[in-house]
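Student: Here is what each chain is made of, one letter per residue.
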Amino acid sequence: MARYSILVVEDEHTLRRLLEYRLSKQYHVRTAANGEEALERINEEIPDLIISDIMMPKMDGFALQAELQQHKDTRAIPFIFLTAKADEQSRLKGMRTGVDDYITKPFDIEQLLSRIDRLLERTKIFQEQLDARIGQDFSRKLMPKTLPQVQNYRVVFHNSPLEHGGGDLFDWTEPEPGVFFFTIGDVMGKGLQAKFYAFSFLAYVRTTLHAMLQDSKSPAELMRRVNRVLMQDEFMQETFASLLIMRWDPATHQITYANAGHCRPVLVAPQGTEVVAYSDMVLGLDMNAEFQDTNLTMPPGSALLTYTDGLIEQHLIGGQMVGEQGILDMAPRALGSHEPIDALLNTVLQRSPENEFSDDILVFWLERQV
Amino acid sequence: MSFVLEPTSDQESVIVRIGKALDFRNAAEFKTVCQEKVREGARNFILDFSETGILDSTGLGSIFSLYRQVSPLNGQVVFASVSRPVQVVVQLTRTYKVFRQFPTVEAAQEALT
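Protein sequence lines, in the order shown, are assigned to chains A and B. This note's numbering numbers the first residue of the first sequence as 1 and each following residue consecutively. This note's numbering numbers the first residue of the second sequence as 1001 and each following residue consecutively.
Derived from the structure by calculation, the hints contain no laboratory data. Fair warning: there could be bad hints in the mix.
Think about it this way: if two alpha-carbon atoms lie no more than 30 Å apart in a straight line, the pair counts; the simulated BS3-like pairs of lysine-lysine are [stated by the list, open to error]:
hint, chain 1, residue 1, chain 2, residue 2
1, A, Lys124, B, Lys1031
2, B, Lys1097, A, Lys217
3, A, Lys72, A, Lys93
Far from chain B, some chain A residues (derived; all Cβ distances over 12 Å) [unchecked claim]:
hint, residue
4, Glu12
5, Gln26
6, Thr31
7, Val155
8, Ala203
9, Arg247
10, Pro270
We put the CB at the ideal spot given by N, CA and C, even for glycine.
So here's chain A without its partners, still in its complex pose:
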């Protein structure tokens, strides 16, 4: 993590050097000899915290503080007054104007360090809480609130995003009555940034799908267009995504899909379980990448299982990852269960040394009833 930056404002040369020396062990320190210089430093780069003397030539500490209060970029910078003025009046004046802390000279450097720590920690906690809130909000928007209701089918979905998880996404639409498009994907990367890109990416996919359905019903064609958008749009240049698009027609039990480097679906049927093998390359790498539609028919009593990489990357007792093979072994036990996804996830966790998953989990289960 990058070091916090502190601005020391002090007219007395020796004390300024001393503070710079002591604080530099932990922080990135810049200095100024008076309020005016301080404003110049702040203009160059906003510090994470300011320690300022009160009595200084040109512009004193109170004037500096008042100036910072005028602008919203600088108003919230943690501010510590450091001064010989031990009298109660200037202390009160300082507190009234929004100073966070007040230390009188001569001061104990350890005490100063611990106060700096406390103020910076508070800023960090606020930041983390905000990030978590935005992250949760994105996560919610990347997942649907409802699922299709279709006779003779069970449609089950599970998603448990981690706070510091990545850009998993899932979406569905019913472009014509009784026909559905599902989109499952993973935008590469971690944290808020990945979620933000996933959000933008999903918007692209939705718009492209909407425009395309006027003249084509092919998931592969949709994939080609989304890939081209990713390759051409400068804003999305650092975005790579695996994506699975499925068109589902429950009346004929047909699924047509195109897979751009996403975890391959598994068809769990009473007759046996198999990987739905065909797939093409991940999106965002090759402008001329080709994608192909593949058809499959769901037999009675079968389920199509789709997921993101958090599931197969979970480690099992013995050290190996779940992998596709693990899914092939464990998925059949979930078939016919009341809560097939819970059953599958529980089986995985029983075989794992951990009590919970170490990555985002997204699982979609589409079951044709007997």
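Start from chain A and add chain B according to the hints.
Tutor: Quick look at chain B alone, frame taken from chain A:
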């Protein structure tokens, strides 16, 4: 630092020893290190995966960024001594179409010169 970079006799090629893992913890570092090399004139990157046990999607994303950076400059990113876990990821994402693979770093070097 988790990546060891070695120059080759060919000015434009660099060998990157990936080490045990390329994942969300060091992907940003990988990106920075490689970008610096591209600025210095490197065009071809030979990634040595002989030791690598973990390659996650963030790590893979950082390799993709490198590819997007050098391919307009006629550069290449190639994989050498691909370990089993790395092979699984490459298979899953179908990226073997973009990243040529070689049994050894030496074989990759020979092919690039």
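Student: So which of those numbered hints doesn't the model satisfy?
Tutor: Nothing - there is no hint that the structure violates, so all of them hold.
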